[in-house]
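Chain A is already provided as a structure; the job is to place chain B on it using the hints.
Here's the letter readout for the chains.
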Amino acid sequence: QKEVEQDPGPLSVPEGAIVSLNCTYSNSAFQYFMWYRQYSRKGPELLMYTYSSGNKEDGRFTAQVDKSSKYISLFIRDSQPSDSATYLCAMSAWSGNTPLVFGKGTRLSVIA
Amino acid sequence: DAGVIQSPRHEVTEMGQEVTLRCKPISGHDYLFWYRQTMMQGLELLVYFNNKAVMDDSGMPKDRFSAKMPNASFSTLKIQPSEPRDSAVYFCASSFGFLMDQPQHFGDGTRLSIL
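Protein sequence lines, in the order shown, are assigned to chains A and B. The first sequence begins at 23 in the numbering used here and counts up by one. The second sequence begins at 33 in the numbering used here and counts up by one.
In isolation and in its complexed conformation, chain A is listed as follows:
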């Protein structure tokens, strides 16, 4: 079992829909959680990061962490065609210089 599991999709939704993207993980030491967005033929870019459990909101995006279930989510409200991309979760234990562990990414298409 990989440390981080993420459904690759693809996920196709109509414009304006609420999108839910999820990752599960096995390492209970993870305490920093990130979501990266990757457009086609581009490098990933950081969308949001959270520490430990709880929610964080940024515009149309909300990140949730449930450490008891080892489950993280990214919600996108009022999805737009410009949100069409691959979304990668990433996490770190942060005990010293602990590198990020990435999920494989979920490919999202928002249809106008």
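Please note that a few of the clues may not be correct.
Keeping only pairs whose Cα atoms sit at most 27 Å apart, straight-line, the calculated DSSO-like set for lysine-lysine is [unchecked claim]: (1) B:K94 / A:K78; (2) B:K110 / B:K94; (3) B:K94 / B:K56; (4) B:K84 / B:K94; (5) B:K100 / A:K64; (6) A:K24 / B:K56; (7) A:K92 / A:K78; (8) B:K84 / B:K110; (9) A:K64 / B:K110; (10) A:K24 / A:K92; (11) A:K64 / A:K89; (12) A:K64 / A:K78; (13) B:K56 / B:K100; (14) B:K94 / A:K24; (15) A:K89 / A:K78.
Since the hints were made in silico from the structure, they are not lab data.
Just chain B now, with coordinates in the frame of chain A:
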């Protein structure tokens, strides 16, 4: 602002040839990361540097891969000899510090095909 610059953007070569990938990090960033991305494995960390010194290369096949950072503004990832299983997109990323609020900035990658 110039982001992380990688070259070449595409490389097609035959098995057994030497391949050199290049990266120029963002000025002032002290961490540099090399990743490999495939459909099967996703994004995998190969090696990373802090102030030009290798911090962790446990993800890198050492028999054929080598990474160097001769100065703060340049790094190379070399594969010799190359094999078809090395075909992937290779990303370089840099960051200022290792804190979660200092994100890693990725280049646009080198798409490598080994025939």
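Taking the hints in turn, this is what the structure says about them:
1. B:K94 / A:K78: violated (40 Å)
2. B:K110 / B:K94: Holds: B:K110 and B:K94 sit about 11 Å apart, inside 27 Å.
3. B:K94 / B:K56: holds (23 Å)
4. B:K84 / B:K94: The given pair, whose Cα atoms are some 18 Å apart, holds under the 27 Å limit.
5. B:K100 / A:K64: holds (24 Å)
6. A:K24 / B:K56: violated (31 Å)
7. A:K92 / A:K78: holds (17 Å)
8. B:K84 / B:K110: holds (16 Å)
9. A:K64 / B:K110: With a Cα-Cα distance of about 22 Å, the restraint between A:K64 and B:K110 holds, given a limit of 27 Å.
10. A:K24 / A:K92: Distance of about 13 Å is within 27 Å: holds.
11. A:K64 / A:K89: violated (31 Å)
12. A:K64 / A:K78: holds (26 Å)
13. B:K56 / B:K100: holds (12 Å)
14. B:K94 / A:K24: holds (22 Å)
15. A:K89 / A:K78: holds (14 Å)
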